[in-house]
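Colleague: Protein chains in written order, with the working numbering: chain A, 10 to 121; chain B, 10 to 121; chain C, 10 to 121; chain D, 10 to 121.
Certain hints may be false.
One copy or two, it doesn't matter: identical chains are merged, so the pair holds either way.
Stated by the list, open to error - Below 30 Å or equal to it, Euclidean Cα-Cα: the simulated DSS-like pairs (lysine-lysine) are: (1) K68 to K101; (2) K110 to K92; (3) K98 to K110; (4) K112 to K68.
Derived by calculation from the structure, the hints in this document are not laboratory data.
Protein chains: 4
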Amino acid sequence: MNDIQILIDELVKFRDERNWNQFHNTKDLALAISIEAAELNELFLWKTTEESENVDRNKLKEELADIFAFGLLLAGKHGFDVKEIVLEKIIKNGEKYPVGKSKGTAKKYNEL
Amino acid sequence: MNDIQILIDELVKFRDERNWNQFHNTKDLALAISIEAAELNELFLWKTTEESENVDRNKLKEELADIFAFGLLLAGKHGFDVKEIVLEKIIKNGEKYPVGKSKGTAKKYNEL
Amino acid sequence: MNDIQILIDELVKFRDERNWNQFHNTKDLALAISIEAAELNELFLWKTTEESENVDRNKLKEELADIFAFGLLLAGKHGFDVKEIVLEKIIKNGEKYPVGKSKGTAKKYNEL
Amino acid sequence: MNDIQILIDELVKFRDERNWNQFHNTKDLALAISIEAAELNELFLWKTTEESENVDRNKLKEELADIFAFGLLLAGKHGFDVKEIVLEKIIKNGEKYPVGKSKGTAKKYNEL
Chain A
10 MNDIQILIDE LVKFRDERNW NQFHNTKDLA LAISIEAAEL NELFLWKTTE ESENVDRNKL
70 KEELADIFAF GLLLAGKHGF DVKEIVLEKI IKNGEKYPVG KSKGTAKKYN EL
Chain B
10 MNDIQILIDE LVKFRDERNW NQFHNTKDLA LAISIEAAEL NELFLWKTTE ESENVDRNKL
70 KEELADIFAF GLLLAGKHGF DVKEIVLEKI IKNGEKYPVG KSKGTAKKYN EL
Chain C
10 MNDIQILIDE LVKFRDERNW NQFHNTKDLA LAISIEAAEL NELFLWKTTE ESENVDRNKL
70 KEELADIFAF GLLLAGKHGF DVKEIVLEKI IKNGEKYPVG KSKGTAKKYN EL
Chain D
10 MNDIQILIDE LVKFRDERNW NQFHNTKDLA LAISIEAAEL NELFLWKTTE ESENVDRNKL
70 KEELADIFAF GLLLAGKHGF DVKEIVLEKI IKNGEKYPVG KSKGTAKKYN EL
C-alpha cells in the first residue's frame with residue numbers, strides 16, 4: 010500500500026475512534042485547512058524573509074502536518090487519489106505557465 | 010520510490026524549469042498555502058453544509074491539489090518526510106485528545 | 010474628528026509606544042489581518058450554522074476588533090480614508106451585482 | 010451620525026436590495042472576511058517586503074474595503090459598536106503587551 014493511503018487510513022482510524030466523522034463535513038474540513046494554514050503563517054508574522062528560514066523546525070513540522078492531515082481527510086472523504094490530482098494539476102499549471110513565458114517571473118498567468 | 014517523493018520531485022522539476030526557486034522562500038510558500046486554502050473555502054461560501062457536499066468535484070480536486078503542491082514544496086525544501094511528520098502528529102494529537110475525553114465532542118483540547 | 014480617525018490615532022499611539030512601526034510593513038499587516046480572520050473563523054469550526062449564531066459574544070467582539078485594528082493600521086499607513094474606500098467599493102459592487110441579476114442569489118458576478 | 014454607522018447602513022441597504030440577508034449568517038460572514046483577507050495577501054505573494062510597499066494603491070484599497078465591508082456587516086448583525094470594541098481591545102492588548110516588556114520586540118505575549 011502506498012504512503013498516502015497509509016496516512017489516510019491512520020487519520021480515518023483516529024477520527025472514527027473519536028466519533029468525529031459527524032463533524033467532518035466538506036465545508037468544515039476546508040475551513041480547518043485554512044485555520045491550520047493561518048497557524049503556519051503565524052510562525053512568520055513580523056519576521057523577515059531571512060529570519061523565517063530559521064523557523065523552529067518542530068513547529069514547522071507540526072503546522073505542516075496539520076494541513077496535510079485535514080487535506081488528506083478531505084481527499085479521502087471524496088475518494089480522490091492524491092497522487093493523481095496533484096500530477097493532473099501540474100500538467101494544467103504547465104499550460105497556464107509555459108516555460109517560455111513564465112521563466113524567472115512571479116507574475117500571475119493572467120498577467121503574463 | 011514512494012508516491013510522496015514522486016510528487017515532490019515533479020513539483021521541484023516544474024519549479025526549477027521556471028526558475029521559481031528564487032521566489033519559493035519559506036514565508037511565501039506558507040502564504041501560498043493559505044491563499045490556496047482560501048480559494049478552496051470560496052467554493053463553499055454562502056452555501057449550506059449540505060449544498061457544500063455537492064461541490065463541483067473538478068474544482069475541489071484542483072483547489073486541494075494546489076494546497077498539497079505548496080505543502081509538498083515546503084516540506085521538500087526543509088527535507089521533511091511527510092509520512093513521518095503526519096504520523097508523529099497523529100500520535101501527538103492522540104495525547105491531546107484521548108479517546109475517553111474527546112469521543113463525540115468537537116471541543117478543543119484546552120476545553121475538554 | 011470622526012470615529013474612524015480616532016481609532017487609527019489610538020492604534021498608532023499604541024504601536025509607537027512599543028516601537029512596533031518597524032514590524033508593521035504592508036505585507037505583514039496584511040498577513041496579520043488574515044491570521045486574525047482565521048482566529049475569528051476558528052470560533053465556528055465544527056459548529057453548525059445555527060450553533061454559530063450563539064457564539065460567545067465577547068470572543069466574537071475580540072476577534073472582530075483585531076481584524077479592524079490591523080485593517081485600520083494598514084489603511085492609516087497608506088493614508089486611505091476608510092469611509093471613502095468602502096463607499097467606493099459599494100458603488101463598484103453595485104455594478105458587478107446589479108439588483109435585477111443578483112437578487113436572491115449567492116452566485117458570483119462571473120456566473121450571473 | 011458617525012461614519013461607521015453610515016457605512017453599516019449603506020452595506021445593509023446594499024444587502025437588503027439584493028435579498029442577501031438569507032446568506033449572511035455569522036459563520037459565512039466570518040468566512041467571507043477570511044477569503045477577502047487572502048485576496049489582500051495575494052497582492053504580496055512572491056513579492057519582497059520592499060516591493061510590497063509599492064503595491065497598486067487601487068487594488069489595495071479595494072481588497073481592504075472588502076474586508077471592512079464584511080467586518081462591518083458582521084459587527085452590525087450583532088449590534089456591536091465598532092469604536093467601542095476596538096478601544097476595548099486596545100486596552101486589553103495594553104495589558105497583554107505592557108510597554109516595558111514589549112517595546113521593540115515582535116514576540117508574542119506568551120513569550121515575553
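Colleague: For the identical chains here, do K110 and K92 meet the 30 Å Cα criterion within one copy, between copies, both, or neither?
Modeller: within (27 Å within a copy, 35 Å between copies)
Colleague: Could you place K98 and K110 in one of the four classes (within, between, both, neither) given a Cα distance threshold of 30 Å?
Modeller: Answer is within: at 18 Å inside a copy they meet the 30 Å cutoff, but 33 Å across does not.
Colleague: When Cα atoms must be at most 30 Å apart, do K68 and K101 count as within-copy, between-copy, both, or neither?
Modeller: between (32 Å within a copy, 13 Å between copies)
Colleague: State whether the alpha carbon distance between K112 and K68 is at most 30 Å within one copy, between copies, both, or neither.
Modeller: Classified as between: cross-chain Cα gap 25 Å, same-chain 33 Å, threshold 30 Å.
Violated hints: none; the structure is consistent with every hint.
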